[in-house]
Amino acid sequence: MAERIITVGSTHGLHARPAKLFVEAVGASGAKVSLAKEGGRSVDAGSILGVISLGIDHGDKIVLTTDADNGEAVLDDLAEILATDHDA
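Residue numbers for the sequence shown follow the working numbering, beginning at 863 and rising by one.
One should not assume that every hint holds.
In silico SDA-like links for lysine to any residue, alpha-carbon gap of 20 Å or less [stated by the list, open to error]:
1. Lys-894 x Ile-868
2. Lys-882 x Asp-939
3. Lys-882 x Ala-893
4. Lys-899 x Met-863
5. Lys-923 x Asp-949
6. Lys-882 x Val-925
7. Lys-923 x Val-905
8. Lys-899 x Ile-914
9. Lys-894 x Ser-915
10. Lys-923 x His-877
11. Lys-923 x Gly-902
12. Lys-882 x Lys-899
13. Lys-894 x Leu-883
14. Lys-894 x Ala-941
15. Lys-923 x Ile-910
16. Lys-894 x Gly-933
17. Lys-882 x Gly-917
18. Lys-899 x Gly-921
19. Lys-882 x Ile-914
20. Lys-923 x Ala-945
21. Lys-923 x Ile-868
22. Lys-894 x Ala-930
23. Lys-894 x Leu-916
24. Lys-894 x Val-925
25. Lys-894 x Glu-934
Read the hints as simulated data drawn from the structure, not as lab findings.
Let the hints inform the model, and build the full structure from the sequences given.
Here you go:
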């Protein structure tokens, strides 16, 4: 299992626009990915409602996990999206 802990870079957190970019990237990867706030409940990272329901703010630490064969590469790409400030 591959895992990454990422600090959210968007100034206003993982609201609709950055969440949409993230969820689309998860879908394009073809991997089943889970997302959780550090120490919190886990959701399907491919679900926009699940992602937004976590209420992720700027600077929150989140955990991505996947069992995909190419999991390391998938999580590298997704981590870059989450660490980028899409509100700048």
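Results of checking the hints against the structure:
1. With a C-alpha separation of about 18 Å, the suggested pairing of Lys-894 with Ile-868 holds against the 20 Å cut-off.
2. For the hint linking Lys-882 to Asp-939, the alpha-carbon distance of about 15 Å falls within 20 Å, and the restraint holds.
3. Simply put, Lys-882 and Ala-893 have alpha-carbon atoms about 16 Å apart, close enough for the 20 Å limit, and the pair holds.
4. At most 20 Å may separate the alpha-carbon atoms for a hinted pair to count; Lys-899 and Met-863 meet this at roughly 18 Å.
5. Pair hint Lys-923 plus Asp-949 holds up; C-alpha atoms about 18 Å apart against a cutoff of 20 Å.
6. Between Lys-882 and Val-925, the direct Cα distance comes to roughly 18 Å. Compliance with the 20 Å bound is thereby established for this hinted pair.
7. Under the criterion of a C-alpha separation no larger than 20 Å, the hint pairing Lys-923 with Val-905 is consistent with the structure, at around 15 Å.
8. Using a Cα cut-off of 20 Å, the hinted pair Lys-899 and Ile-914 holds, with the two alpha carbons roughly 11 Å apart.
9. In summary, the hint linking Lys-894 to Ser-915 is supported, as the alpha carbons are separated by about 18 Å, within the 20 Å threshold.
10. A threshold of 20 Å between alpha carbons decides the hint, and for Lys-923 with His-877 the separation of about 15 Å falls inside it, so the pair holds.
11. Our distance criterion of 20 Å between C-alpha atoms is met by Lys-923 and Gly-902, whose separation comes to about 10 Å.
12. Under the criterion of a C-alpha separation no larger than 20 Å, the hint pairing Lys-882 with Lys-899 is consistent with the structure, at around 17 Å.
13. Restraint check for Lys-894 and Leu-883: satisfied, since their Cα atoms lie roughly 16 Å apart, inside the 20 Å limit.
14. Simply put, Lys-894 and Ala-941 have alpha-carbon atoms about 15 Å apart, close enough for the 20 Å limit, and the pair holds.
15. Note on Lys-923 and Ile-910: the hinted pairing holds, with a Cα-Cα distance of about 18 Å set against a maximum of 20 Å.
16. Taken as a hint, the Lys-894 and Gly-933 pair is honoured in the structure, with Cα atoms around 9 Å apart against an allowance of 20 Å.
17. This hinted pair checks out: Lys-882 and Gly-917 have alpha carbons roughly 14 Å apart, not beyond 20 Å.
18. At most 20 Å may separate the alpha-carbon atoms for a hinted pair to count; Lys-899 and Gly-921 meet this at roughly 11 Å.
19. With a C-alpha separation of about 9 Å, the suggested pairing of Lys-882 with Ile-914 holds against the 20 Å cut-off.
20. For the proposed pair Lys-923 and Ala-945, the alpha carbon gap of about 10 Å is at most 20 Å, so the pair holds.
21. Taking the CA atoms of Lys-923 and Ile-868, the gap is about 6 Å. The hint holds against a cut of 20 Å.
22. Pair hint Lys-894 plus Ala-930 holds up; C-alpha atoms about 7 Å apart against a cutoff of 20 Å.
23. Taking the CA atoms of Lys-894 and Leu-916, the gap is near 18 Å; set against the 20 Å cutoff, the hint holds.
24. Distance hint between Lys-894 and Val-925 is fulfilled; the C-alpha atoms sit about 14 Å from each other, no more than 20 Å.
25. Restraint check for Lys-894 and Glu-934: satisfied, since their Cα atoms lie roughly 13 Å apart, inside the 20 Å limit.
Violated hints are absent here; each numbered hint is respected by the structure.
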